[in-house]
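Novice: The residues making up each chain are set out below.
There are 2 protein chains.
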Amino acid sequence: MALFTIEEYQERIRKTKTSMSEKGIDVIVVSDPANMNYLSGYDGWSFYVPQVVILAIDEDQPIWIGRGMDANGAKHTTYLSHDRIIGYADDYVQSLIKHPMRVVAAEIKKRGWQTKAIGTEMDAYYFSAKSFIELQKQLPKAQFRDANLLVSWIRIIKSATEIEFMKKAGKIAERVMQTALDTVAPGVRECDAVAEIYRTQIRGTEAYGGDYTAFVPMMPSGEKTSTPHLTWTDHPYRTEIAVNMELAACHNRYHSPLARTMYLGKNPPAKLVDTSKVVVEGCNKALEAIRPGVACEDIEIVWRKVIARAGLEKESRIGYSMGLNYPPDWGEHTASLRPGDKTILAPNMTFHMILGMWLDDWGFECSESFRVTEKGHETFANFPRRLFIKET
Amino acid sequence: MALFTIEEYQERIRKTKTSMSEKGIDVIVVSDPANMNYLSGYDGWSFYVPQVVILAIDEDQPIWIGRGMDANGAKHTTYLSHDRIIGYADDYVQSLIKHPMRVVAAEIKKRGWQTKAIGTEMDAYYFSAKSFIELQKQLPKAQFRDANLLVSWIRIIKSATEIEFMKKAGKIAERVMQTALDTVAPGVRECDAVAEIYRTQIRGTEAYGGDYTAFVPMMPSGEKTSTPHLTWTDHPYRTEIAVNMELAACHNRYHSPLARTMYLGKNPPAKLVDTSKVVVEGCNKALEAIRPGVACEDIEIVWRKVIARAGLEKESRIGYSMGLNYPPDWGEHTASLRPGDKTILAPNMTFHMILGMWLDDWGFECSESFRVTEKGHETFANFPRRLFIKET
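In the order they appear, the protein sequences are chains A and B. No gaps in the numbering here: position 71 of the first sequence is 71 in my numbering, and each next residue is one more. No gaps in the numbering here: position 3 of the second sequence is 3 in my numbering, and each next residue is one more.
Treat the hints with caution; some may be incorrect.
Only pairs whose alpha carbons sit at most 27 Å apart, straight line, appear in this in silico BS3-like list of lysine-lysine [as the list claims (entries may be wrong)]:
id, chain 1, residue 1, chain 2, residue 2
1, B, K109, B, K137
2, B, K141, A, K137
3, A, K305, B, K98
4, B, K137, A, K137
5, B, K98, A, K342
6, A, K271, B, K75
Honestly, the hints are just simulated from the structure, not real lab data.
Using the sequences provided together with the hints, build the complete structure.
Specialist: Laid out in structure tokens, this is it:
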């Protein structure tokens, strides 16, 4: 049972074919699990083996090709006719002699597409260098085109149902952040706090459940707040330290990230307190600038001006398009809120704006997930924006 | 602070260089996060952007190259001299015009390696087709060699400390499976059961914590037990259904998976009960056959003979080498217990043997993680092998 109506999938297929046509692509081979899900509904943790969704410009339905044991999973989760679900034999899996892309190529030949312009997602996760070389070797007469992000760019504007899923994720994210604030304390082991966070993420609410997030909880503390992507340890939290909490919730694979920082102790450093105020002001101002017609780079300028007044600067981007996704990233790799990105905001684009300052031996972060509305923005979670302090 | 002694890392480097020498590789560019961790100690959820560890055959220490904001993470987790940790500017991240592999190529040129034989992991996760093409374009005089699994094959035999981590994961895995058995019940939402499982995974024990696992909990129920890789929903468990539970625990990135099946109800189908007995007997017999000197394919034959007597057959492999890893797979992609795999078992190889029968509309699975000992095998978890039945 696919999660969206047939009409919604058909609309996605139609937009994908329009983009293929503009780029001169006859057949697209989609490997990115989020793009596979978007076009077919397929949802399973099987992207650790090669699998694809193939869409031909003159066909109505894509084809799913994956490991034999996952074909039943495709029957359960997609709207595809069962004759368009093709499983390959298990001796292709992590074989040192046979590559699953040979099955993909054989299917392409069987359908007479071997001389067509074939698009592949050249920089997608789970489409390896070897996968591409195998396809080239098996299909010497095909013209290969880079279709990287072709489907991802269509995903940038969400439908009403997608927005509903992200709002649900946002409500779970509020509970997740509250769990973190309640649980993290001096003497508590980092793993025990993260355990409660996971529990809240997956339980969801009484009305609907939570799904796994494309990033694990990022909870660096103390001097590790100077870098964003370390995970937890089993050491207890100390006192007089900051804890960055880059968290999220997910519902039906749609995300709503949310980041805050908490200080444990009575004496937060003045520079942390001061920076937190500037960052929150920058976040507020950047969010207020969101509306249809504005370019992504202009949002970043609003932020940059606020922090420049306080003598701060930030090299990294301040946000990115996100929504439907699988590990290792909830970001869509399309629009970013950063200098040079001229993408024009439009209603129902959805972003994670993350204002993180990671300095030499401390850091502060504050983020919001939101959609662009007709007149401005709407955040998916409703949670105070400030430095939290737990005077233990 | 790297988790192993400098001597242990030096031994890994020495073995890697021996293998490079045998394969005529002067410089290896490692992208697989587990292989990066193995050679450098690096541990962070940053593999969603291109990052590498480079080892030259005539140098003692590798180089880490990653995103600028993760360089502090590399300083925290590796044993590398800080001058061998190189961060790239943030405008390379998910850029439509600049690729991070240009930074990698520039570093290779700077060190005079641009005409060397350069090994890349052609079928590794997180080394995209585009990454390889960019490297080729920037280094036209290099001779590229496929170094896929070169480091992974060295990882196949674990050190005493690695085994200790896996044993710790095994003790957590016992608690995880018990949590599943205690929690899954008719009327309980799947997400609420999985929430408790996650909580137990991450809490670990009183003495040490748990880490995120490379797969999420796999918990298909009812007719979905016919396929292994669907994740949970927010529907309540029904009665008179089977629930497959492919779970795991992780400690310091080292895994110990464990799978069992539970039937909810008073009337388990005879074919499920019968199959469970055959599968458990096959599992027991295959484990008893484990000892140094035996080939992987011979273990599978033992299993196949047991189930053949009951008229059953299984196409897919029955196990694979595993240990240190990151999403999306705890398997190492080297040795598999399957026909044709002539890898000879040796002490401190570690496997996940998973006997799963996924038939048309139901399934049963039973697995063990173990190490090969001097005389046989030792499982990391100690948990009864049978079909569990909850008469609700």
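Novice: Does each hint hold? Answer for all of them.
Specialist: For each hint, the structure was consulted:
{"no.": "1", "hint": "B:K109 / B:K137", "in the structure": "holds, 13 Å"}
{"no.": "2", "hint": "B:K141 / A:K137", "in the structure": "holds, 23 Å"}
{"no.": "3", "hint": "A:K305 / B:K98", "in the structure": "holds, 26 Å"}
{"no.": "4", "hint": "B:K137 / A:K137", "in the structure": "holds, 20 Å"}
{"no.": "5", "hint": "B:K98 / A:K342", "in the structure": "holds, 16 Å"}
{"no.": "6", "hint": "A:K271 / B:K75", "in the structure": "holds, 24 Å"}
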